[in-house]
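Number of protein chains: 2
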Amino acid sequence: MTVTELGIRAKATQSFLSTVTTQQKNDALLAIADMLEEKSADIIKANSLDIENGKKSGLSDGLLDRLMLNQGRIAGIADGVRQVAALPDACGKTVYEYEKENGLKIKKITVPIGVIGIIYEARPNVTADAAALCLKSGNAVILRGGKEAVNSNKAIADIMRKAIASTGFPEDVIQLVEDTSRASANEMMTLNAYLDCLIPRGGKGLIRAVVENSTVPVIETGSGNCHIYVDESADTDMAANIIFNAKTQRISVCNACESLVIHSAVIAEALPKIKAQLDKANTEIRGDGRARAVCPDIAEATEEDFYTEYLDYIISVKTVDSLDEAIAHINEHSTRHSEAIITKNEQNAERFLQCIDSSSVYVNASTRFTDGCEFGLGAEIGISTQKLHARGPMGLEQLTSTKYIIIGNGQVRE
Amino acid sequence: MTVTELGIRAKATQSFLSTVTTQQKNDALLAIADMLEEKSADIIKANSLDIENGKKSGLSDGLLDRLMLNQGRIAGIADGVRQVAALPDACGKTVYEYEKENGLKIKKITVPIGVIGIIYEARPNVTADAAALCLKSGNAVILRGGKEAVNSNKAIADIMRKAIASTGFPEDVIQLVEDTSRASANEMMTLNAYLDCLIPRGGKGLIRAVVENSTVPVIETGSGNCHIYVDESADTDMAANIIFNAKTQRISVCNACESLVIHSAVIAEALPKIKAQLDKANTEIRGDGRARAVCPDIAEATEEDFYTEYLDYIISVKTVDSLDEAIAHINEHSTRHSEAIITKNEQNAERFLQCIDSSSVYVNASTRFTDGCEFGLGAEIGISTQKLHARGPMGLEQLTSTKYIIIGNGQVRE
Numbered sequence: 001m002t003v004t005e006l007g008i009r010a011k012a013t014q015s016f017l018s019t020v021t022t023q024q025k026n027d028a029l030l031a032i033a034d035m036l037e038e039k040s041a042d043i044i045k046a047n048s049l050d051i052e053n054g055k056k057s058g059l060s061d062g063l064l065d066r067l068m069l070n071q072g073r074i075a076g077i078a079d080g081v082r083q084v085a086a087l088p089d090a091c092g093k094t095v096y097e098y099e100k101e102n103g104l105k106i107k108k109i110t111v112p113i114g115v116i117g118i119i120y121e122a123r124p125n126v127t128a129d130a131a132a133l134c135l136k137s138g139n140a141v142i143l144r145g146g147k148e149a150v151n152s153n154k155a156i157a158d159i160m161r162k163a164i165a166s167t168g169f170p171e172d173v174i175q176l177v178e179d180t181s182r183a184s185a186n187e188m189m190t191l192n193a194y195l196d197c198l199i200p201r202g203g204k205g206l207i208r209a210v211v212e213n214s215t216v217p218v219i220e221t222g223s224g225n226c227h228i229y230v231d232e233s234a235d236t237d238m239a240a241n242i243i244f245n246a247k248t249q250r251i252s253v254c255n256a257c258e259s260l261v262i263h264s265a266v267i268a269e270a271l272p273k274i275k276a277q278l279d280k281a282n283t284e285i286r287g288d289g290r291a292r293a294v295c296p297d298i299a300e301a302t303e304e305d306f307y308t309e310y311l312d313y314i315i316s317v318k319t320v321d322s323l324d325e326a327i328a329h330i331n332e333h334s335t336r337h338s339e340a341i342i343t344k345n346e347q348n349a350e351r352f353l354q355c356i357d358s359s360s361v362y363v364n365a366s367t368r369f370t371d372g373c374e375f376g377l378g379a380e381i382g383i384s385t386q387k388l389h390a391r392g393p394m395g396l397e398q399l400t401s402t403k404y405i406i407i408g409n410g411q412v413r414e
Numbered sequence: 001m002t003v004t005e006l007g008i009r010a011k012a013t014q015s016f017l018s019t020v021t022t023q024q025k026n027d028a029l030l031a032i033a034d035m036l037e038e039k040s041a042d043i044i045k046a047n048s049l050d051i052e053n054g055k056k057s058g059l060s061d062g063l064l065d066r067l068m069l070n071q072g073r074i075a076g077i078a079d080g081v082r083q084v085a086a087l088p089d090a091c092g093k094t095v096y097e098y099e100k101e102n103g104l105k106i107k108k109i110t111v112p113i114g115v116i117g118i119i120y121e122a123r124p125n126v127t128a129d130a131a132a133l134c135l136k137s138g139n140a141v142i143l144r145g146g147k148e149a150v151n152s153n154k155a156i157a158d159i160m161r162k163a164i165a166s167t168g169f170p171e172d173v174i175q176l177v178e179d180t181s182r183a184s185a186n187e188m189m190t191l192n193a194y195l196d197c198l199i200p201r202g203g204k205g206l207i208r209a210v211v212e213n214s215t216v217p218v219i220e221t222g223s224g225n226c227h228i229y230v231d232e233s234a235d236t237d238m239a240a241n242i243i244f245n246a247k248t249q250r251i252s253v254c255n256a257c258e259s260l261v262i263h264s265a266v267i268a269e270a271l272p273k274i275k276a277q278l279d280k281a282n283t284e285i286r287g288d289g290r291a292r293a294v295c296p297d298i299a300e301a302t303e304e305d306f307y308t309e310y311l312d313y314i315i316s317v318k319t320v321d322s323l324d325e326a327i328a329h330i331n332e333h334s335t336r337h338s339e340a341i342i343t344k345n346e347q348n349a350e351r352f353l354q355c356i357d358s359s360s361v362y363v364n365a366s367t368r369f370t371d372g373c374e375f376g377l378g379a380e381i382g383i384s385t386q387k388l389h390a391r392g393p394m395g396l397e398q399l400t401s402t403k404y405i406i407i408g409n410g411q412v413r414e
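Order-wise, the sequence lines are chains G and Z. Following the working numbering, the numbering of the first sequence begins with 1 at its first residue and continues without gaps. Following the working numbering, the numbering of the second sequence begins with 1 at its first residue and continues without gaps.
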């Protein structure tokens with residue numbers, strides 16, 4: 001089936017979805033969770049094909065691990081779907097009310113966005129996670145995963161479609177693009193007639209391609225060149241501890257710290273402590289001249305380093321002479337994801353919070369907390385690094401739009 | 001100056017704008033209003049050049065009228081700016097709060113979007129209106145008006161820049177693109193490094209060009225193929241009255257009614273009443289076969305008519321046999337702007353409100369109310385017909401983004 005045909009089918013589910021109840025949505029989600037577990041053997045069988053193909057085509061061990069599904073991981077996916085069922089419904093909330101003198105009653109309520117497209121890469125768990133969040137927010141979804149996981153994705157999508165159909169849902173509320181060619185991605189990016197929104201999830205190349213080529217409105221997610229600034233008045237032990245966590249607790253994620261900015265007045269005290277911690281995880285430090293004057297055995301950082309999201313055991317260090325220089329450096333080099341200041345000075349903390357132009361700005365804490373679950377949203381479909389519609393971790397609320405409803409008894413405009 | 005240079009200058013105002021207070025913004029707005037009135041002679045002189053050029057190039061009387069500025073109109077523009085100053089500040093509001101068990105305090109607050117680009121057509125009042133709303137919401141703005149109003153726009157922008165500078169603002173918070181060529185518009189559409197958002201205001205061609213060619217996130221505004229559905233149980237006198245208002249009170253606006261959908265059970269009673277009203281304003285009716293069977297002297301509607309936003313004294317009529325047929329017809333043909341049902345049946349009203357996929361859905365009232373001021377927003381920068389970020393009339397709140405701020409005392413992720 002072409003992507004356009006999938007779009008037409010998704011649109012056809014809108015009349016059902018516009019009157020669906022919370023109970024119906026939860027029943028469908030619980031049916032998905034149960035059937036994923038019941039039919040886990042089918043999923044594992046399909047997944048083993050992907051793993052076999054992946055080995056043949058030389059996927060790295062890391063990628064093969066992300067691709068692999070077993071009983072335990074499938075149970076985890078099913079539990080994630082049950083957690084989404086347990087979340088409060090984000091649709092139907094009144095967010096604005098106004099009554100005119102002529103008696104006209106105006107209300108703004110949250111409604112589903114409509115049809116959401118998700119373009120993503122290797123991990124097959126996204127297939128179920130994203131579908132569950134879209135369903136709970138009353139949206140139809142068109143999923144297009146990567147070719148590496150196509151068999152796993154097909155198996156998961158088939159099961160989800162059967163499960164929701166068993167509870168009275170049109171199965172086309174969840175659809176998978178089985179054609180993983182570039183052409184199918186391009187077709188999605190210009191499917192304005194049927195797609196209300198497109199969310200890319202994956203590496204920098206994928207996200208850039210979608211932002212540049214899509215005429216469908218896009219929610220840009222993800223890349224994170226995250227900074228931690230060690231202020232003049234920082235508790236340097238706290239700084240070293242937070243930096244160690246933010247850099248090394250999980251290196252492959254977008255909220256990991258990639259770059260340090262250190263005030264010159266404190267670098268002689270702070271950097272050796274930071275280095276001692278990072279050495280425990282064999283992390284390479286690349287610093288500017290003043291950082292290397294303090295720790296001569298660290299490598300030299302180029303301007304390119306300061307723009308790089310390493311996703312590896314590497315971190316860059318920039319030395320500054322003031323808070324404002326730190327802010328300017330960060331706003332120039334960051335991807336507007338997550339940045340932190342370590343300071344005892346409340347005024348400096350406040351200025352950092354105001355002036356740093358990022359989705360999530362921290363005082364004295366690790367950037368690793370930028371995550372829908374950690375922020376209390378229950379789940380997340382991604383982390384937006386753009387400013388329109390959604391910014392930072394996106395939960396169910398960010399998968400809704402709004403609608404004005406206006407009740408009159410014959411009012412006309414004078 | 002090139003558009004890119006304007007972008008660099010706009011970005012340079014961000015450190016000022018990220019700490020600006022409500023009082024400072026209001027002072028700047030009041031200075032603008034006062035100086036527009038003081039220097040109205042300069043504006044009128046520049047405007048007379050545009051009028052002269054417009055006459056030479058054969059602009060219609062309607063367009064010349066929209067272009068023309070006089071003392072009264074300038075006073076109106078200044079009053080509009082003062083009204084924006086009087087509105088509550090939309091920035092700095094806490095929209096979400098969460099405290100983790102580890103003591104981490106997470107808050108989501110409203111912040112300016114950053115740098116907003118506005119591409120618009122003939123009316124020079126947009127120059128001041130849009131700049132005032134962007135300034136009040138803490139954004140820098142890059143304005144690109146049409147060539148017909150370039151002299152008026154330059155005069156107004158110059159005055160606004162001087163006025164805000166007199167209150168301590170960087171004048172580059174407000175900038176005008178003086179080059180009105182297609183090239184400058186194209187440069188704006190791909191200025192992702194400096195523009196956070198682009199809002200086109202104008203005709204269908206302009207909006208389509210921006211949506212199709214922009215890589216900067218766009219808020220689509222405007223076109224309105226608005227429907228009124230006359231239900232089986234409608235009060236037909238009320239219907240005729242509302243339709244007369246929605247069609248003829250002002251024909252050139254996006255919330256005017258362009259198409260009627262009438263239940264077959266009531267068309268014999270309703271259509272003659274509606275026609276009698278519309279005849280008073282010499283409005284042409286184009287109907288389907290069953291409408292023409294009731295009123296033989298009306299013209300025949302083609303399928304194209306049902307997709308047409310006339311912006312004229314013309315209206316189309318479609319006959320249906322059920323509420324659901326009406327909903328399907330409207331969702332297929334509308335531009336998702338404003339639609340109304342005229343009915344005495346509460347269940348039908350509820351179903352119409354739920355199933356019609358438009359920004360503003362009415363029961364027993366004229367579609368002409370879709371407007372920021374009428375909806376109590378105080379002012380509007382446009383009416384969004386898309387679903388992401390903003391939908392329907394957009395006020396100050398829709399010119400803000402959000403940011404998470406997270407306060408800790410050394411927390412790291414386990």
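It should be emphasised that the hints constitute simulated quantities derived from the structure, not laboratory data. Be a bit skeptical, because a hint or two may be false.
All copies of an identical chain are treated as equivalent in the list; a pair is satisfied when it fits inside any one copy or across any two copies.
Listed next, the in silico DSBU-like pairs over lysine-lysine satisfying Cα-Cα at most 30 angstroms (straight line) [said to hold, decoys possible]:
#	residue 1	residue 2
1	K280	K100
2	K105	K344
3	K275	K204
4	K39	K275
5	K56	K107
6	K105	K55
7	K100	K344
8	K107	K93
9	K93	K105
10	K56	K344
11	K100	K273
Cross-check of the supplied hints:
For the identical chains of this complex, K280 and K100 are inter-copy neighbours only, at 29 angstroms across copies versus 66 angstroms inside a copy, given an alpha-carbon limit of 30 angstroms. Proximity of K105 and K344 under a CA criterion of 30 angstroms is satisfied inter-copy only: 17 angstroms between copies versus 50 angstroms inside one chain copy. Within a single copy, K275 and K204 get their C-alpha atoms as close as 29 angstroms, which meets the 30 angstroms cut-off; across copies the closest is 59 angstroms, which misses it. Neither within a single protomer nor between protomers do K39 and K275 lie at most 30 angstroms apart by alpha-carbon distance, with minima of 49 angstroms and 62 angstroms respectively.
When the C-alpha separation of K56 and K107 is checked against a cutoff of 30 angstroms, the pair qualifies neither within a copy, at 58 angstroms, nor between copies, at 48 angstroms. In this assembly of identical chains, K105 and K55 lie within 30 angstroms of each other by CA distance neither inside one copy nor across copies; the values are 62 angstroms within and 45 angstroms between. When the C-alpha separation of K100 and K344 is checked against a cutoff of 30 angstroms, the pair qualifies only between copies, where the shortest distance is 21 angstroms, while the shortest distance within a copy is 50 angstroms. Taking the shortest Cα distances, K107 and K93 sit within 30 angstroms of each other both inside one copy (10 angstroms) and across copies (21 angstroms).
Both within a single protomer and between protomers do K93 and K105 lie at most 30 angstroms apart by alpha-carbon distance, with minima of 16 angstroms and 25 angstroms respectively. With identical chains, the CA atoms of K56 and K344 are never at most 30 angstroms apart, being 54 angstroms at best within one copy and 67 angstroms at best between copies. In this homomeric assembly, K100 and K273 come within 30 angstroms of each other (Cα to Cα) only across copies, at 28 angstroms, whereas the closest approach inside a single copy is 63 angstroms.
Going down the numbered hints, you'll see the structure goes against 4, 5, 6, 10, while the others check out.
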